[in-house]
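K.L.:
The listed protein sequences derive, respectively, from chains X and B.
Each residue of the first sequence is one higher than the one before, counting from 299 in the numbering used here.
Each residue of the second sequence is one higher than the one before, counting from 656 in the numbering used here.
Hints in this document: simulated from the structure, not taken from any laboratory.
C-beta atoms are modelled at their ideal positions from N, C-alpha and C, and glycine is treated no differently.
One or more of the hints may lead you astray.
Stated by the list, open to error - Selected chain X positions facing chain B (in silico; Cβ < 8 angstroms): (1) Ser340; (2) Leu343; (3) Gly381; (4) Pro383; (5) Ala428; (6) Pro429; (7) Ala432; (8) Asp435; (9) Phe474.
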Amino acid sequence: MKKNIITGVLVSIVVLAGLGYAIGVRGAGTDDPSQGEPFGLSAPLIVVPSVQLATGQMLLFKATNVGETGNNFRLMIYNDESGIPVTYKDFLKVGPGKTVSYLYRPPVGQLALEGDATIEAPQATRATFAPIPATADPGVIRRVVANVHVISVQNGANGAQTLDASTMIPLSHCNFEPRSRIPFLGGNWYWNCAPDLYPLKPVPPQE
Amino acid sequence: MKNLAKILGGIIGTFLVLAIVVLGLARVFKFDPGVTHPGLWLSGEVVAEPVTDWTFAKSVRGLTAIQTRDRLVPGMAFSVTTARFIHNGRLYIGSGYPAGKKMPSGRHWNKNILVDPVVRVKIGGKLYDGKLVYLSDPQEHDDIARANGQNLWAPGFYIHLWRFEPLNS
Numbered sequence: 299m300k301k302n303i304i305t306g307v308l309v310s311i312v313v314l315a316g317l318g319y320a321i322g323v324r325g326a327g328t329d330d331p332s333q334g335e336p337f338g339l340s341a342p343l344i345v346v347p348s349v350q351l352a353t354g355q356m357l358l359f360k361a362t363n364v365g366e367t368g369n370n371f372r373l374m375i376y377n378d379e380s381g382i383p384v385t386y387k388d389f390l391k392v393g394p395g396k397t398v399s400y401l402y403r404p405p406v407g408q409l410a411l412e413g414d415a416t417i418e419a420p421q422a423t424r425a426t427f428a429p430i431p432a433t434a435d436p437g438v439i440r441r442v443v444a445n446v447h448v449i450s451v452q453n454g455a456n457g458a459q460t461l462d463a464s465t466m467i468p469l470s471h472c473n474f475e476p477r478s479r480i481p482f483l484g485g486n487w488y489w490n491c492a493p494d495l496y497p498l499k500p501v502p503p504q505e
Numbered sequence: 656m657k658n659l660a661k662i663l664g665g666i667i668g669t670f671l672v673l674a675i676v677v678l679g680l681a682r683v684f685k686f687d688p689g690v691t692h693p694g695l696w697l698s699g700e701v702v703a704e705p706v707t708d709w710t711f712a713k714s715v716r717g718l719t720a721i722q723t724r725d726r727l728v729p730g731m732a733f734s735v736t737t738a739r740f741i742h743n744g745r746l747y748i749g750s751g752y753p754a755g756k757k758m759p760s761g762r763h764w765n766k767n768i769l770v771d772p773v774v775r776v777k778i779g780g781k782l783y784d785g786k787l788v789y790l791s792d793p794q795e796h797d798d799i800a801r802a803n804g805q806n807l808w809a810p811g812f813y814i815h816l817w818r819f820e821p822l823n824s
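Generate the whole structure from the sequences, applying the supplied hints.
P.N.:
If you want it as structure tokens, here you go:
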């Protein structure tokens, strides 16, 4: 009888320890969706560097879905002052082989020259083609090619408008990668704009 | 066979007694969540008066804890620490997700509030009872994100937001 009670108590302790461990592991983050896939928070992006336009010029963004299925992605446009986008444009259900365009005319700002001199000029603009948060495939930009043109329109003598020859802006491919912990999931991300030189290393499986 | 039944009875009995004792202690003495572990009932002073302006919470230091009603075990509380945002005097509670992961995938407390939105929020040691309303208006979501820094615009990440409202609203 005494032996049975001791055995029962010991087994109960083992069961409770197992439950405690399971709860602890869940709280520690293995239930966190970011832990399920090693690269769930990684996002390849197309990055447009900061471009200073002259008065009258505009930026024409063009992106093509080279994939075989429809894709969703977002064009995020920034000025030089903030990491928060000035505006963004969602392209939804872009069909395979389809190209979408977006014409952006930056608001006028002050451009500092030498000394204290400033002139009025369009605000410098940079941009990223990125996945749409929450709903889209984080790797969607792998199936997108893009380019950006600086264009300007001339008013002809008879009132007709003509498009000047455009200038293309070189683009970069960057990865947005998780390292250590993640903000709001706890920690940091890193931009990696040299993914050819510093490829994302596979995360070793956790014990 | 008789011995096995006794052993099993002992196991179940001991388990039940210990579980009741542990939960009773947690109910009485509370069990707050930490940064990396969930909790049960929150400790703190309950504020009975409804809060109409949450601006004061911007200057309160420390994590925000949220106690939900467990959808699997009736009567059980489940609490975690999470992010809070104050915008136009309103309180919002956030839960971050990697892009491509649909809410409430993998988050027990998110699943709980989808079933029962009544929650208790702990800010600065004080407890506030209310309910959460999911923020489905993208404009309101963008306004809050713009006011709270570029982390909320990170590619590969999305923060779902809930507006905290009084129980009787």
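K.L.:
Are the hints correct? Go through all of them and say.
P.N.:
Structure-based check of all given hints:
1. A least Cβ separation of about 6 angstroms between serine 340 of chain X and chain B falls short of the 8 angstroms threshold, and the interface hint therefore holds.
2. Evaluation of the leucine 343 of chain X hint against chain B yields a held restraint, the C-beta minimum of about 6 angstroms falling below 8 angstroms.
3. Interface hint at glycine 381 of chain X: satisfied, since its Cβ lies 3 angstroms from the closest Cβ of chain B, which is below the 8 angstroms cut-off.
4. For proline 383 of chain X, the interface hint holds, since its Cβ comes within 8 angstroms of a Cβ in chain B; the closest pair sits about 6 angstroms apart.
5. Because the smallest distance between the Cβ of alanine 428 of chain X and any Cβ of chain B comes to about 4 angstroms, under 8 angstroms, the interface hint for this residue holds.
6. Among the interface hints, the one on proline 429 of chain X holds; its C-beta lies about 5 angstroms from the nearest C-beta in chain B, closer than the 8 angstroms criterion.
7. Satisfaction of the interface hint for alanine 432 of chain X is found here, the shortest Cβ-Cβ separation to chain B being roughly 4 angstroms, below the 8 angstroms cut-off.
8. Because the closest C-beta pair between aspartate 435 of chain X and chain B is about 5 angstroms apart, less than 8 angstroms, the hint holds.
9. For phenylalanine 474 of chain X, the interface hint holds, since its Cβ comes within 8 angstroms of a Cβ in chain B; the closest pair sits about 5 angstroms apart.
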